[in-house]
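These protein sequence lines are chains A and B, in that order.
38 is the number that numbering that gives the first Met the number 0 gives to position 39 of the first sequence; each next residue is one higher, with no gaps.
168 is the number that numbering that gives the first Met the number 0 gives to position 169 of the second sequence; each next residue is one higher, with no gaps.
If you are wondering where the hints come from, they were derived from the structure by calculation, not from laboratory data.
Don't take each hint at face value.
To be clear about the criterion: a stretch of chain B counts as covered by chain A if any three or more of its residues have a C-beta under 8 Å from a C-beta of chain A, and this derived list gives those stretches [as the list claims (entries may be wrong)]:
hint, region
1, 42 to 55
2, 83 to 92
3, 121 to 129
4, 172 to 178
5, 203 to 217
6, 230 to 237
Stretch by stretch, here's where chain A covers chain B in the computed footprint (C-beta under 8 Å, at least three residues) [what the hints assert, rightly or not]:
hint, region
7, 16 to 26
8, 188 to 197
All residues carry an ideal CB built from backbone N, CA and C; glycine is no exception.
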Amino acid sequence: MTHNVYLYLLVIVAVTYAIRVLPLTLIRKPIKSRFIQSFLYYVPYVTLAVMTFPAITEATQSPIAGLAALIIGIVLSWFGGSLFQVAAACCGVVFLLELILI
Amino acid sequence: MNTTTEYIRTAPRRQVFAQGLRDGIPIALGYFAVSFSLGIAARNAGLSAWQGFLFSLLINASAGEYVGFTIIAIGGTYLEMALMTFIANARYLLMSCALSQKFHPGTKLIHRLAVGYYITDELFGIAIARDGFLDPYYSYGAISAASPAWALGTMFGVIMGNMLPVRVVSALSVALYGMFIAIIIPPSRKNRVVAAFVLISFVCSWGVKFIPVLSSLSGGTMTILLTVLISAAAAILFPVRTNEEKEDEVHDA
Numbered sequence: 000m001t002h003n004v005y006l007y008l009l010v011i012v013a014v015t016y017a018i019r020v021l022p023l024t025l026i027r028k029p030i031k032s033r034f035i036q037s038f039l040y041y042v043p044y045v046t047l048a049v050m051t052f053p054a055i056t057e058a059t060q061s062p063i064a065g066l067a068a069l070i071i072g073i074v075l076s077w078f079g080g081s082l083f084q085v086a087a088a089c090c091g092v093v094f095l096l097e098l099i100l101i
Numbered sequence: 000m001n002t003t004t005e006y007i008r009t010a011p012r013r014q015v016f017a018q019g020l021r022d023g024i025p026i027a028l029g030y031f032a033v034s035f036s037l038g039i040a041a042r043n044a045g046l047s048a049w050q051g052f053l054f055s056l057l058i059n060a061s062a063g064e065y066v067g068f069t070i071i072a073i074g075g076t077y078l079e080m081a082l083m084t085f086i087a088n089a090r091y092l093l094m095s096c097a098l099s100q101k102f103h104p105g106t107k108l109i110h111r112l113a114v115g116y117y118i119t120d121e122l123f124g125i126a127i128a129r130d131g132f133l134d135p136y137y138s139y140g141a142i143s144a145a146s147p148a149w150a151l152g153t154m155f156g157v158i159m160g161n162m163l164p165v166r167v168v169s170a171l172s173v174a175l176y177g178m179f180i181a182i183i184i185p186p187s188r189k190n191r192v193v194a195a196f197v198l199i200s201f202v203c204s205w206g207v208k209f210i211p212v213l214s215s216l217s218g219g220t221m222t223i224l225l226t227v228l229i230s231a232a233a234a235i236l237f238p239v240r241t242n243e244e245k246e247d248e249v250h251d252a
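The shape of chain A in the complex, shown without the other chains (with noise of 0.2 Å):
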């Protein structure tokens, strides 16, 4: 089978870019509905969450290297870390502890 990269890149560059910017153009005016607006504020924060564990923990060669990230991580932002300060503890706190655990 020869497929060819460049078709395979327009496939998928089409299909990315009309799940982006679709919903974008189409919904031009605030929502009435109470419970979409409601829905809508809620989504990014479970989304993020839902994205963030367990998977950190199994980013990580030690899952418990990825746990400990994710406490000092919540601790620190807890505290007002912005979000720079907050990535760079987690990484250093995986960086550290693989040292000892690996």
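Knowing the structure of chain A, use the given hints to seat chain B on it.
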């Protein structure tokens, strides 16, 4: 505020762009690390450095691209590619819906087309975290930092393969999750309902791994399923206050 008028920005364009650029830098660093490992997958699928660069420049989706490289590697059909791309990226459909509410109704089509092009988990996250309406120039600033990092990271991944020590890759791989945490925790501190549902999301996302039928679903499908169910439950149990003065209707697809 009249909802039908054009969007009037609260700060100069250049300043908003600079804010986006600043917030985009940590994302760019994380992206570079992640796309580097994506480049290794691209290399395994037989792609050249140029092709890896082009894929990442045009697609900007980690899971979507990873799935794409897997299908290229096994020589799957174009239809399979389209379906798998849809499943892997369907969460962006929800994010795009949510983001549509963050735009001023008068935001021009060209800005909607441009901002939509780069809806990723992280850029969506920082856009949602902004106060008030989203100024497209904030997103453009963030994209200017994130996009080159993502594309170049993939390219270097293809070229350099496995040159980075495993320890470093392992540590860098949590950078993106760290960013997610930094996005969801501050609102959780302010709002107990959000905090409770973040916790519920953690527990459910972990718990489904032990349910035989559900655990066989792909990560992307599971993310959508859980997002819809948990957000719907939250919306029913704890509806947010609506803006009653707006009389506009929803224009659905």
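Enumerated hints in conflict with the structure, sorted upward | Nothing - there is no hint that the structure violates, so all of them hold.
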